[in-house]
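Colleague: Each chain is listed here by its residues.
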Amino acid sequence: MTAGEVWGSRRQLDGKRAETAARPLGNGLLLAPALFLLSIYFAAQLLFLYQSLLHAVPGGTTVVGPPGLGNYRRFFMDSGYVNVLIDTLWISAELTAVVLCLSYPLAYLIARTSSRALRSFILFAIVVTFLSGGVTRAYAWLILLGNRGLLNSLMQALGLTDEPLRLVYNRFGVFLSLVHFLLPFMVLTLVGPLRNVPRVLELAARDLGANGWRTFCAVTFPLSLPGVINAVALTYVVALSSFLFPLLLGGGRVRFMANLIYDQIFTAYDLPFAAAIAVIFLAVSLFAIIALGWLSRRVSHGVHVQ
Amino acid sequence: MRAKQERRDAHESTVVRFLGIAIASFLLLPVVFIVFYSFQSGIYFTLLPSGLSIKWFSSFFASATFRRALWTSLSIAGLVTPLCCLVAVPTALALVRGNLPGREVINAFLLSPIIVPGVVTGIAFLSLFSRTDSGSSFVRLIIAMTCFALPFAVRSVVANLHGLPTVIEEAARDLGASSRQLFFHVILPQLRPGLLAGAIFVFVEAIDNFSIAAFLTDTRTTTLPVEAYSYIRDFDDPTVAAMATLLIALSTGLLFLAERVIGLEGFLRLN
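Top to bottom, those sequences are chains W and L.
For the first sequence, our numbering gives the first residue as 11, with consecutive numbering after it.
For the second sequence, our numbering gives the first residue as 122, with consecutive numbering after it.
Chain W with its partners taken away, still in its complex shape (with noise of 0.2 Å):
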């Protein structure tokens, strides 16, 4: 829902500019109640900006100045807080490489297949996933994969595993839970830019003895690439900021970026520490956006050279 859009967004409004420069419907003051919630949203970021530079007194709620770097150099002194962002930049790249994998194929059938019933069926697990919301999905990963869930059940019954397998409260669970999650982000945006590829070109490719996969690989992978950043980008921003899963399914042990600064707030009560490392992980996230930009941005081009 990120990065992606906003850039697609961008466009859209791009090209109509030249059409509605005579409309006169539109008026900037139908911008003020908008502008007035977004003035609310960037006062509180500001101020926790501002936060960021204070500290905590021990013990209480206060927070007091002067203003100082000392929350972010904490940060960065503290191996175990800088391996939880390396994690998070980690883990976050594996789950989009999984995701792309198994999105592809999804968003392909979409576009391209010649069946309805199979673009419905497609369409409807990927929407009641997608709407069915992040605490009812967490929670059905907890039981099915927990000691006495569905994988473990049917496991024991076949006789595969006397005892059960720890599938949650470690990495593993957290990762699947995740995977799931994703998937439907990624997919939703991949749809568009397979569809935009022109059919011509891949019905050109197989007259002239090209067999599907080489079609696949030759004409409809590469000029899909663009559309496949911009997914790229917009999964990993969500990976990212994971935090539901984590704490859930983590059990503790697995811990994000977003994890760490909630047990800031509510374990060790220190809002200005919390309002640091929120900083400079939204800089990271932001750097990811604008580099993952860039690139799409370079490989579009190399298509329209093309």
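Just so you know, these hints were derived from the structure itself, not from any lab.
Backbone N, C-alpha and C fix where the C-beta goes; we use that ideal spot for every residue, glycine too.
There may be inaccurate statements among the hints.
[As the list claims (entries may be wrong)] If we take Cβ atoms under 10 Å as the criterion, some of the chain W residues that face chain L in the derived model are:
| no. | residue |
| --- | --- |
| 1 | V74 |
| 2 | L110 |
| 3 | F134 |
| 4 | V138 |
| 5 | F140 |
| 6 | G144 |
| 7 | V145 |
| 8 | A150 |
| 9 | F185 |
| 10 | P194 |
| 11 | V197 |
| 12 | L250 |
| 13 | L254 |
| 14 | L257 |
| 15 | Y272 |
| 16 | A284 |
Guided by the hints, dock chain L onto chain W, whose structure is given.
Modeller: Chain L only, in chain W's frame:
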């Protein structure tokens, strides 16, 4: 030659189709599982349930905390959804039909809350509200959720307005429609699909949000996800599965509404 190629096509797409069905089933697995679990009579999951019952639904509704949380969540979503739609329509008009300088920048700004991680937004609002000492927990949740969910509504309405041919509006103008008539009789009816899609997204986000709400709830005012989380930590029975089933039923209902009015593809803006 052609026929051979088509046969090969068909063969290859069988593999892809099989993959697609497998992955889509993986998507549906937790949803189907949790619905099944919520109707089991036993406290723990068993492959062959000893019986079916609705006792976990009774247990959900018997809990005063859950009832209050359900009411709070529904009220928040019920207030935030129309609020976001009311703000999104004029915003989209200004962005798409207006000729303001810097519209791209304003649009990017308006959508920016989506890319900020929920936890960051949650603490930011927590520190704003604790500084200004304003409002009850409920009011705080409404303000935070409206700011957070607005981009979803704006995005849908902007996309919808973009797809509308301007000739219809020009024709209405030429036939003497006032700005008011133009808006209420020409533009607004055409914005129904975008408003519905946006409203569904906002509604679901507002009900489901955990990462922001976790920071703004207090002992008297909690939302369903926050309450579910604390219940899961303390108890191990299918009461939360019953809650999950209710939420899944709600979202399936919304899905069929979207399907009937705008079609699934239109809802997801795939075409």
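Colleague: Quick check: which numbered hints come out false for this structure?
Modeller: 1, 2 and 9
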